[in-house]
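Colleague: Whenever a hint applies, use it, and build me the whole structure from the sequences.
Residue numbers (this note's numbering), protein chains in the order written: chain V, 1005 to 1371; chain E, 133 to 261.
FYI, nobody ran anything at the bench for these hints, they're computed from the structure. Where hints are given, some of them may not hold.
Taking lysine-lysine and the PhoX-like style, the derived pairs with C-alpha atoms no more than 25 Å apart in a straight line are [claimed, not checked]:
| no. | chain 1 | residue 1 | chain 2 | residue 2 |
| --- | --- | --- | --- | --- |
| 1 | V | LYS1280 | V | LYS1268 |
| 2 | V | LYS1115 | V | LYS1268 |
| 3 | V | LYS1014 | V | LYS1028 |
| 4 | V | LYS1182 | V | LYS1115 |
| 5 | V | LYS1370 | V | LYS1182 |
| 6 | V | LYS1028 | E | LYS207 |
| 7 | E | LYS234 | V | LYS1028 |
| 8 | V | LYS1115 | E | LYS143 |
| 9 | E | LYS207 | E | LYS229 |
Every value quoted in this text rests on a predicted model; they were computed, and no experiment measured them.
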Amino acid sequence: MKTSIASDLKKTPLDAVHRHLQAKMVPFGGWEMPLQYAGILAEYQYTRQGVAVFDTSHMGEFLINGDAQTSGLETIVTQPLSGMPVNTGRYGMMCNEDGGVLDDLIVFRLKEDQWFLIVNAGTTESDAAHIQRHLSSGICFENISWQTGKLDVQGPAARDVLRALIPEIDELNYFTFKHFNILGQQALVSRTGYTGELGYELFIPWETTQELWEWLLAHDVQPAGLGVRDVLRLEMGYSLYGHELSPQITPLEAGLSRFIDWDKDFIGRGSLLRQKQTFPARRNIGLVSCSRRSPRAGHTIFDLDGRSVGMVTSGTFSPSLNLGIGLGLVEYDFQPQEGRVRLGESHQPFAAEIVRPPFYTQGTLKQ
Amino acid sequence: MEIYDHYHFTKEHEWINLEDGFGTIGITDYAQSSLGDITFVELPGIGNEVEQFEQLASVESVKAASDIFSPMSGKVTEVNSELESNPGLINKDCFEKGWLVKIEISDPQELSNLMTGDEYHSYLKSLDS
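Modeller: Set out below in C-alpha cells:
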C-alpha cells in the first residue's frame, strides 16, 4: 500500500499547497497530483451539492494564430471550427490516419484567427509535435502549458461564489468563455467542466494560481482531487483519454461520432468513413452493477453463457446510485440477454446491467 | 495511529483479536486510511475453512479493490453483515464495529507468525521512513 513517487514528476504551481492540505499525492500523466483531500465521498458531496475547486494546471494549453482552413488546424481536429462564433468552445478529437484517437480536446476561438487548445496532460508533448507537424508552414504555434495555471470551479454554487470575483460571470453560457480581470491579472474563464455540474474553468498565469486558489478556499470552496474527478465524470459517462479513448480506439467505437464533422477533410477521415460503412469492431457501453461492487478497468465482460465479449475501460463506485458503474467496449454486434452481462475475472464474475449513460441525471451543468 | 495492544497483526495490515479459541478479524487504521472510503465488502460464507495468510474477504474503496488475508487458520463462525449496507463502518471504527469475520482458531501456534501491537507499531514506523 506504500506509494513511492518518482522525483522526475512535474509539479503544478500548487504543489506545496496540496502538501500543506495533506492531500494524498499520486502520479498522473507525468505529473504529481492530489488524489484526495477530505476523502472522495466528502469531495463528491461538495461538488454535487456546493462548490469545489480542482487543480488542473497539469493540462496542456496551446495557442495557434491563423485561419482555421489555411493554417491546417481544421484538418487536425474532428470538430468543425470555421463556423464557430468567437468566444465559444467545442469538444472534439485528434485522430491518426487509422482513425485512432491521439487525444480529445477543447478548442476555443479567441479571435477570428486565433485558437486556444486544451489537451490532456500526458499527451501534451506528443500533441504539440503532431499539431506542429501538420500545421501549414509559417503558422505560429505556442505551447503555453508552463505559463498557464488552471483551476476548475465546479458545483451548483460555482456561479454565486465567482460573482464576487467576476461580477460579469452571469454572461457566460455553456461552452462559452470570456477574458476577465482576476486578482489584477488577465484570465480566460470558460463555462466548461468535467463533472456534470454548473462550473467554470479558469486559466490564469502560473504565478497567480496560488493566490486564486487561496481566494476560493477563503470563500468556502472546497478542494477536490483527481479521485472524485474520475467518479464525477464517470457518472456523466464522459470519456477519459487512456481508458475510453486511445490510438487503438476510434471515435466511432467510443460512441463519440457526434463530435465529428464528416463534411470536412481531417486526418483519419478515410479510415473512419470506411468504419462507419462497415461498422466498427467494437462499441462503447455503460454498465451498472447489480450490487455495490464496482466494475474496474481491465475486468472482462462476459455474456450470460460465460463467453468473453469485451472489456471494462473504467469503473468506480457511484455515490448517487449506491452501486458500481462503469464504461466498457464490447463486440459491435453483441446482443445481451435481458440487457445483462457479468463482469470480473474468470472466477465468480458479478452481474451488471447495460445502461446508457449518463448514470447521473440531476446535474446542474446547464442551469 | 491507534494500536490495540492485545491484538495481533499481519504485514498486510489485518488484525486478529483472540478470545477463548475464537478470533475476530479486521483491517487496521493504516489499511482503512490507505484504501480511502470503503464502498463494498465481500465476506466469506459461514462454515468456510480458511488457511493462515490466504484470502478471506475482499474490500473495495471508490478507487480500488483489495484482498483481505486471514491472520490465522480456522473456520468462519460469524461475519459482520452490517458492513453489507454500511461498509463505511470500517473507515469509522476499523478496530471495533468495523470488524469483518470471526473464526474458530484451528492452530493457536500460528500466533507466532504474527506481530504484537508493539511490533506492528515499529513495523508502521519502518514503512514511513
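Colleague: None of the hints should be skipped; say for each whether it holds.
Modeller: Hint-by-hint comparison with the structure:
Annotation: proposed proximity of V/LYS1280 to V/LYS1268 holds, straight-line Cα distance about 16 Å (limit 25 Å). A hinted pair counts as satisfied when its Cα atoms are at most 25 Å apart, and V/LYS1115 with V/LYS1268 qualifies at roughly 21 Å. Taken as a hint, the V/LYS1014 and V/LYS1028 pair is honoured in the structure, with Cα atoms around 16 Å apart against an allowance of 25 Å. For the proposed pair V/LYS1182 and V/LYS1115, the alpha carbon gap of about 11 Å is at most 25 Å, so the pair holds.
Straight-line distance between C-alpha atoms of V/LYS1370 and V/LYS1182 comes to about 17 Å, which keeps the hinted pair within the 25 Å bound. A C-alpha spacing of about 38 Å is found between V/LYS1028 and E/LYS207, which places the hinted pair above 25 Å, so the restraint is violated. A threshold of 25 Å between alpha carbons decides the hint, and for E/LYS234 with V/LYS1028 the separation of about 32 Å lies outside it, so the pair is violated. The suggested pairing of V/LYS1115 with E/LYS143 is violated, with an alpha-carbon distance near 60 Å, which exceeds 25 Å.
Among the hinted pairs, E/LYS207 with E/LYS229 is consistent with the structure: their alpha-carbon atoms are about 21 Å apart, no more than 25 Å.
Of the hints listed earlier, those the structure fails to meet are numbers 6, 7, 8, in rising order.
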